[in-house]
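Asker: Spelled out from the first residue to the last, the chains are:
There are 2 protein chains.
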Amino acid sequence: MKKQQNILIIGAGLCGSLLALRLGQRGYNVAVYEMRPDLRKTDISAGRSINLAFSDRGNKAMKLVGLEAQVNALCIPMNGRMIHDKEGHTFLSNYSGRDQEYINSISRGGLNALLLDEAEKHANVTIHFNKKCKSVDFEKTTAFFQDYTTKEEFIEDADCIIATDGAGSALRKSYYLGKKFLFSFSQNYLTHGYKELSILPTETGDYKAYKNALHIWPRGDFMVIALPNLDGSFTVTLFLSYDEGAYNFNNLTTPEMVTEFFEKEFPDALALMPNLVADFFENPTAPLGTVKCSPWHYKGNTLLMGDSAHAIVPFYGQGMNASFEDVVEFDAVLDQQLEDWEATFTAYEKTRKKDTDAIADLAIDNFHEMKAHTANPIFQEKRKLEMAFEKAFPKDYSSKYSLVTFNEHIGYREAMLRGRAQDKAILNMLADHEIDTTHLDDKTHLKALLDKVKTATNNILDDDNVAKTIG
Amino acid sequence: MKKQQNILIIGAGLCGSLLALRLGQRGYNVAVYEMRPDLRKTDISAGRSINLAFSDRGNKAMKLVGLEAQVNALCIPMNGRMIHDKEGHTFLSNYSGRDQEYINSISRGGLNALLLDEAEKHANVTIHFNKKCKSVDFEKTTAFFQDYTTKEEFIEDADCIIATDGAGSALRKSYYLGKKFLFSFSQNYLTHGYKELSILPTETGDYKAYKNALHIWPRGDFMVIALPNLDGSFTVTLFLSYDEGAYNFNNLTTPEMVTEFFEKEFPDALALMPNLVADFFENPTAPLGTVKCSPWHYKGNTLLMGDSAHAIVPFYGQGMNASFEDVVEFDAVLDQQLEDWEATFTAYEKTRKKDTDAIADLAIDNFHEMKAHTANPIFQEKRKLEMAFEKAFPKDYSSKYSLVTFNEHIGYREAMLRGRAQDKAILNMLADHEIDTTHLDDKTHLKALLDKVKTATNNILDDDNVAKTIG
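Chains as they are written, first to last, in our numbering: chain Z, 1 to 471; chain X, 472 to 942.
Certain hints may be false.
[To be verified] Pairwise CB distance ranges, derived in the manner of DEER restraints:
| no. | chain 1 | residue 1 | chain 2 | residue 2 | range |
| --- | --- | --- | --- | --- | --- |
| 1 | X | S712 | Z | S135 | 26 to 34 Å |
| 2 | Z | E434 | X | D907 | 26 to 34 Å |
| 3 | X | S712 | Z | G220 | 58 to 66 Å |
| 4 | Z | E152 | X | L648 | 25 to 33 Å |
| 5 | Z | A332 | X | T662 | 44 to 52 Å |
| 6 | Z | I50 | X | T662 | 54 to 62 Å |
| 7 | Z | G289 | X | D933 | 28 to 36 Å |
| 8 | Z | E339 | X | D509 | 18 to 26 Å |
| 9 | X | H560 | Z | K63 | 56 to 64 Å |
| 10 | Z | K140 | X | T561 | 36 to 44 Å |
| 11 | X | D806 | Z | A271 | 36 to 44 Å |
| 12 | Z | T126 | X | K557 | 36 to 44 Å |
| 13 | Z | D157 | X | E610 | 36 to 44 Å |
| 14 | Z | K63 | X | G716 | 52 to 60 Å |
[Stated by the list, open to error] With a cut-off of at most 20 Å between alpha-carbon atoms, the simulated EDC-like pairs for lysine to aspartate or glutamate come out as follows:
| no. | chain 1 | residue 1 | chain 2 | residue 2 |
| --- | --- | --- | --- | --- |
| 15 | Z | K353 | Z | E342 |
| 16 | X | K824 | Z | D357 |
| 17 | X | K605 | X | D588 |
| 18 | Z | K468 | X | D714 |
| 19 | X | K939 | Z | D221 |
| 20 | Z | K354 | X | E624 |
| 21 | X | K763 | Z | D221 |
| 22 | Z | K353 | X | E852 |
| 23 | X | K824 | Z | E342 |
| 24 | X | K821 | Z | D221 |
| 25 | Z | K354 | X | D836 |
| 26 | Z | K350 | X | E715 |
| 27 | Z | K299 | X | E879 |
| 28 | Z | K452 | X | D934 |
| 29 | Z | K468 | X | E879 |
| 30 | X | K821 | X | E753 |
[To be verified] Some chain X residues well away from chain Z (every beta-carbon gap over 10 Å; in silico):
| no. | residue |
| --- | --- |
| 31 | R497 |
| 32 | G498 |
| 33 | L563 |
| 34 | N659 |
| 35 | E674 |
| 36 | Y718 |
| 37 | V729 |
| 38 | H844 |
| 39 | I881 |
| 40 | G882 |
Rather than coming from a laboratory, the hints here were simulated on the basis of the structure.
The model shown is predicted, which means the values in this text are computed figures rather than measured ones.
Think of the CB as a built atom: it goes at the ideal place given N, C-alpha and C, for glycine as much as any other residue.
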């Protein structure tokens, strides 16, 4: 392919700005159109910036574009989950038994601004704000835009168009409504929605709760979580059913009911949130949806990437990381120098889709794990055992969480299959009292348990494989 | 609820005409609007009528409306799969070890005509043909129609609207495009499409192949099947990839290539099909899609039923049976006399959706089973063992196929979970040489094998359950 091809990117969010930067580094002519104003010039109130979990797969992309150190400066390490019970007791459950493995809380806005700054340093990259894409003519490789300010409508063409315009993608909508090819598509909503709240810093700017953890208040059918921000605040999120249970988004309609709900279920969180009622009624309630589709591309003309191709629920902290990994995978396909864009897009989807399908399913698993299983004694015993394995035999074992989050050299699908099999093996052995977890400091005993888990895991994988290939 | 409520049904296909009949029997005022002309008055060429598999779940509905004997007269029993290999060797694999368990080939048109006749015998049921539903205002409970002949447009209202308008449902489209509530929705296409062909009767009107079987030519990545019609013909269907493999729908563009493909892969079928090339180029190639969605209803105003709620691929022969079972399940909810339509629709979806989700997944499983696994020696050994179990211990064992097809007292979901676990248990024991199938006529030995399979099955179900509820 000729290097000086013109690439149009729709959307300058995290995925689009990273893609623009990388394609700019590779020498393409890149034009990015973003519907929102430039977030670097818009007043975003401090302390309420939305934060995200940033981990190894995302960092792999930062290494690729040479921004690892700059991004690291924006990160707050979270070493584990801080579980809060109803009585306010807390319990730290590490994400890994290896000290160097942790996830980070990072500001979406700060990271996006950095990526935009870096992309714009390339003369061959231009970014246009306030330009909303209304539709894409994927047969003509043109996109139809409207300027937010002037309302002027215009059409842009390119050698190829890549849509990184998120869960509500205009290109995906054009694929669906166009009916020009068989387009498999799903949008699936959880019964729960979410609402953002906040724990503000102390008057001296300190954190009101332990800084280096992802806080969880698991209550079975619903939960609250909190992630730290650099300014001393925490962004808090309530995940709750719209219409089921004693308290739900539909019936929490008065300040008294909201306060009563938090007094009963989250008293220690409420004590940190004098601003609860104001936050609750000011902030919107948003749905939690998963989007999958296929094909992602139309010939060599257009391609979906990031959330536009695979929006997922937030419970594995992998949404941004998966989108960043998209760019790494796409970059690796570009390295193959295939004959044209169609071959490139086809190869990219073939290698990538199985993994984004897997992280979508894993994220839903983790919804149930976080709100319910983290409070289950057998689940906690499993985590204790896994932490011991990872600590004593760091090269021989990785939990499902570690495989997904810290093993960026394997894909999500492989992590899912092996991780689920391990969980199944350990949980069943614990439920059947086939594992004695009382002497995990005895390394010989622990090694025997590890061998037992590995054997059971491999049997599960083998049995599943036989059933799948013959059954 | 008042009995004299007005119910509007969109679509007079198999599900809509059965629903109209049943609701007519229950005393409701029923108005049915169908976009096609009256199939009883339209000339349908004999010998090419599309046939379907009719089995116990569908028959349960016929019993409910008192039509069991009349439908039975339209049926051709198929006792098993007749497997054809490339050399033309055939092998009959029964559907069950119990003689009274078989499926039937039935004409779609004949059955639909019967249901329309019976529905129209009720003075409180009216059926309007050539009226195409364009959209539904589910907040106002009105449907918007266009007359095919006069092009006149009109609106009808009712106390509630039930859409039985198939995979391309106008009501479902209105739910999706309306964006008035969170609508989970998926449409997923297989990589394969299908094309109908035919084996015509002999000059004396006889069947050119064994009448009482579903014929399969499994070739791994593609297949041909044939079902008998009452007039001595077979309706033949080719399932083939659109674009993968040496031969596919995209590259079979000349009579020579089509003939070459059949000569190479299906020589014994070709010998029965002098009309192959004409059929191939006259008949359309159609996609194979699965549709799932939720919720099925909007308040008490509107409800999706049959394919409009859950279109499935044809490989389990359960599409019509599932839609008929919808009517049985809906009828049972009506018997509960809940307070209003909203409570009725909510209860119906809650009990029914898990089962239609399951048959959708089972139907895709069976695509792979039919085109590939039926030719696998271990799979064939499993079937041999299961036939022996069902014959020797008819009350103690049912294969997955039997659970799905002949055990209409349990739901599809239960059939799927138990059936998949059994398959996994048996296939793994066969693959690991833990089962000796050489002396299946020894009843003591066979009973020991059955116990072994049951224990392994229960272990699988228990392990899955632990992993699901804690993991």
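Asker: Does each hint fit the structure? Answer for all of them.
Answerer: We went through each hint and held it up to the structure:
1. Between S712 of chain X and S135 of chain Z the C-beta distance comes to about 31 Å, which sits within the given range of 26 to 34 Å.
2. Taking 26 to 34 Å as the suggested C-beta distance range, the pair E434 of chain Z and D907 of chain X conforms, at roughly 29 Å.
3. Checked against the hint of 58 to 66 Å, the C-beta distance between S712 of chain X and G220 of chain Z comes to roughly 46 Å, which is inconsistent with it.
4. A C-beta distance of roughly 27 Å is found between E152 of chain Z and L648 of chain X, which places it inside the suggested range of 25 to 33 Å.
5. At about 25 Å, the beta-carbon gap between A332 of chain Z and T662 of chain X misses the expected band of 44 to 52 Å.
6. For the pair I50 of chain Z and T662 of chain X, the supplied restraint of 54 to 62 Å is violated, since their beta-carbon distance comes to about 39 Å.
7. Separation of G289 of chain Z from D933 of chain X is about 33 Å and conforms to the stated range, judged on CB atoms against 28 to 36 Å.
8. Roughly 55 Å separates the CB atoms of E339 of chain Z and D509 of chain X, a value that falls outside the hinted 18 to 26 Å.
9. Evaluation of the 56 to 64 Å hint for H560 of chain X and K63 of chain Z yields a pass: the beta carbon distance comes to about 59 Å.
10. Distance hint for K140 of chain Z and T561 of chain X: a CB-CB separation of about 53 Å, inconsistent with the stated range 36 to 44 Å.
11. Take D806 of chain X and A271 of chain Z: their Cβ atoms lie about 52 Å apart, and the range 36 to 44 Å is violated.
12. In this structure the hint that T126 of chain Z and K557 of chain X lie 36 to 44 Å apart at CB is violated, the actual value being about 60 Å.
13. In this structure the hint that D157 of chain Z and E610 of chain X lie 36 to 44 Å apart at CB holds, the actual value being about 41 Å.
14. Between K63 of chain Z and G716 of chain X the beta carbons are some 40 Å apart, a value that contradicts the proposed interval 52 to 60 Å.
15. A hinted pair counts as satisfied when its Cα atoms are at most 20 Å apart, and K353 of chain Z with E342 of chain Z qualifies at roughly 16 Å.
16. Of the pairs offered as hints, the one joining K824 of chain X and D357 of chain Z is violated, with about 23 Å between alpha carbons and a cut-off of 20 Å exceeded.
17. About 26 Å separates the Cα atoms of K605 of chain X and D588 of chain X, which puts this hinted pair outside 20 Å; it is violated.
18. Under the criterion of a C-alpha separation no larger than 20 Å, the hint pairing K468 of chain Z with D714 of chain X is inconsistent with the structure, at around 24 Å.
19. For the proposed pair K939 of chain X and D221 of chain Z, the alpha carbon gap of about 15 Å is at most 20 Å, so the pair holds.
20. Annotation: proposed proximity of K354 of chain Z to E624 of chain X is violated, straight-line Cα distance about 46 Å (limit 20 Å).
21. For a cut-off of 20 Å, the pair hint linking K763 of chain X to D221 of chain Z is broken: about 25 Å separates their Cα positions.
22. For the given pair, K353 of chain Z sits about 35 Å from E852 of chain X by alpha-carbon distance, which is inconsistent with the 20 Å threshold.
23. Restraint check for K824 of chain X and E342 of chain Z: the C-alpha separation of about 39 Å exceeds 20 Å, so the hint is violated.
24. Using a Cα cut-off of 20 Å, the hinted pair K821 of chain X and D221 of chain Z holds, with the two alpha carbons roughly 19 Å apart.
25. The hinted pair formed by K354 of chain Z and D836 of chain X meets the criterion: a straight-line CA distance of about 18 Å does not exceed 20 Å.
26. Between K350 of chain Z and E715 of chain X, the direct Cα distance comes to roughly 14 Å. Compliance with the 20 Å bound is thereby established for this hinted pair.
27. The straight-line distance between the Cα atoms of K299 of chain Z and E879 of chain X is roughly 46 Å, outside the 20 Å bound, and the hint therefore fails.
28. Between K452 of chain Z and D934 of chain X the alpha-carbon distance is near 16 Å, which keeps this suggested pair within the 20 Å criterion.
29. Restraint check for K468 of chain Z and E879 of chain X: not satisfied, since their Cα atoms lie roughly 26 Å apart, outside the 20 Å limit.
30. Between K821 of chain X and E753 of chain X the CA atoms are separated by roughly 43 Å; this puts the pair beyond 20 Å, and the hint is violated.
31. At roughly 30 Å from the closest C-beta of chain Z, the C-beta of R497 of chain X stays outside 10 Å, upholding its exclusion from the interface.
32. At roughly 33 Å, the least C-beta separation between G498 of chain X and chain Z is larger than 10 Å, which holds for a residue marked as non-interface.
33. Non-interface status of L563 of chain X relative to chain Z is upheld: no Cβ of that chain comes within 10 Å, the nearest being about 21 Å off.
34. Not every CB of chain Z is more than 10 Å from the CB of N659 of chain X (nearest about 4 Å), against its label as outside the interface.
35. The beta carbon of E674 of chain X is kept farther than 10 Å from every beta carbon of chain Z, the shortest such distance being approximately 41 Å.
36. Annotated as non-interface, Y718 of chain X keeps its C-beta farther than 10 Å from every C-beta of chain Z; the closest such distance is 19 Å.
37. The Cβ of V729 of chain X lies farther than 10 Å from every Cβ of chain Z, with a closest approach of about 22 Å, so its non-interface assignment holds.
38. Not every C-beta of chain Z lies more than 10 Å from that of H844 of chain X, the closest at about 6 Å, which undercuts listing it as non-interface.
39. With a minimum CB-CB distance of about 20 Å to chain Z, I881 of chain X clears the 10 Å threshold, and the non-interface call stands.
40. Its beta-carbon lying about 21 Å from the closest one in chain Z, G882 of chain X satisfies the requirement of being farther than 10 Å from that chain.
Consistency with the previously given hints fails for numbers 3, 5, 6, 8, 10, 11, 12, 14, 16, 17, 18, 20, 21, 22, 23, 27, 29, 30, 34 and 38, ordered from lowest to highest.
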